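Q: Same order as they appear, the protein sequences are chains Y and C. Those letters in the first sequence? Residues 51 to 165, per the working numbering, in order. Those letters in the second sequence? Residues 772 to 882, per the working numbering, in order.
Treat the hints as calculated values from the structure; they're not laboratory data.
With a straight-line Cα cutoff of 20 Å, these simulated SDA-like cross-link-like pairs (lysine to any residue) come out: (1) C:K823 <-> Y:E153; (2) Y:K91 <-> C:F872; (3) C:K774 <-> C:E837.
Between beta-carbon pairs, the in silico distance windows are: (4) C:T779 <-> Y:S133: 34 to 44 Å; (5) Y:T163 <-> C:H848: 32 to 42 Å; (6) Y:P136 <-> C:K840: 36 to 46 Å.
Covered stretches of chain Y (in silico footprint by chain C; criterion: 3 or more residues with CB under 8 Å from a CB of chain C, positions within the stretch not fixed): (7) 94 to 100; (8) 137 to 146; (9) 149 to 157.
All values derive from a computational prediction rather than experimental measurement. Each residue gets a CB set at the ideal place from its N, CA and C atoms; glycine is no exception.
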Amino acid sequence: GAVVSQHPSWVICKSGTSVKIECRSLDFQATTMFWYRQFPKQSLMLMATSNEGSKATYEQGVEKDKFLINHASLTLSTLTVTSAHPEDSSFYICSGREGSSYEQYFGPGTRLTVT
Amino acid sequence: DAKTTQPTSMDCAEGRAANLPCNHSTISGNEYVYWYRQIHSQGPQYIIHGLKNNETNEMASLIITEDRKSSTLILPHATLRDTAVYYCIVRVVGNTDKLIFGTGTRLQVFP
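Assemble the whole structure, with the sequences as input and the hints as a guide.
A: Written as structure tokens, this is what we have:
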């Protein structure tokens, strides 16, 4: 299957700072990218969907001003957690899909810890 | 998307077949059944998907009932590396669809 990478794989930041997570599709053009969040022992929760060159669509309850998503190219999407707080500590996973492909490919995830 | 119901956890002996059930009684005619799995602290991995017919690939088999209200994922010879959370998802394939994960089944393969 196609490959999606994320960087960094883990990050620790101080409360009040911002952190950016990159998601890259390595061998396909991700016209749509998805960002998920997963708390310990819970399932993945979809945060937002973005199409290349368009603004992201956020799921209900997800603060768009806190979780900034940029999808400026067909191979790169970024998630910026602004003014991070300890409750934002979580496992963030991105996913990409090419067009209306049957398959959606997931990155390895980024573990964010806010102290 | 229609919702799915899966058992919370299952055990399977190494080398035996693991049969993971999923109920999707409100599935629509144009919704596919997808299976993903997530090994601890990794991103989900695609396993298989189907619409009406049974499907098989190098990883697993997918058996969908004739009324499409339930399905079973079969791992023919489970190994310890198959220990993971398995998610059954129904999805309309299209430009605007999205994968919504339920709680999944935690499969523990034991020696």
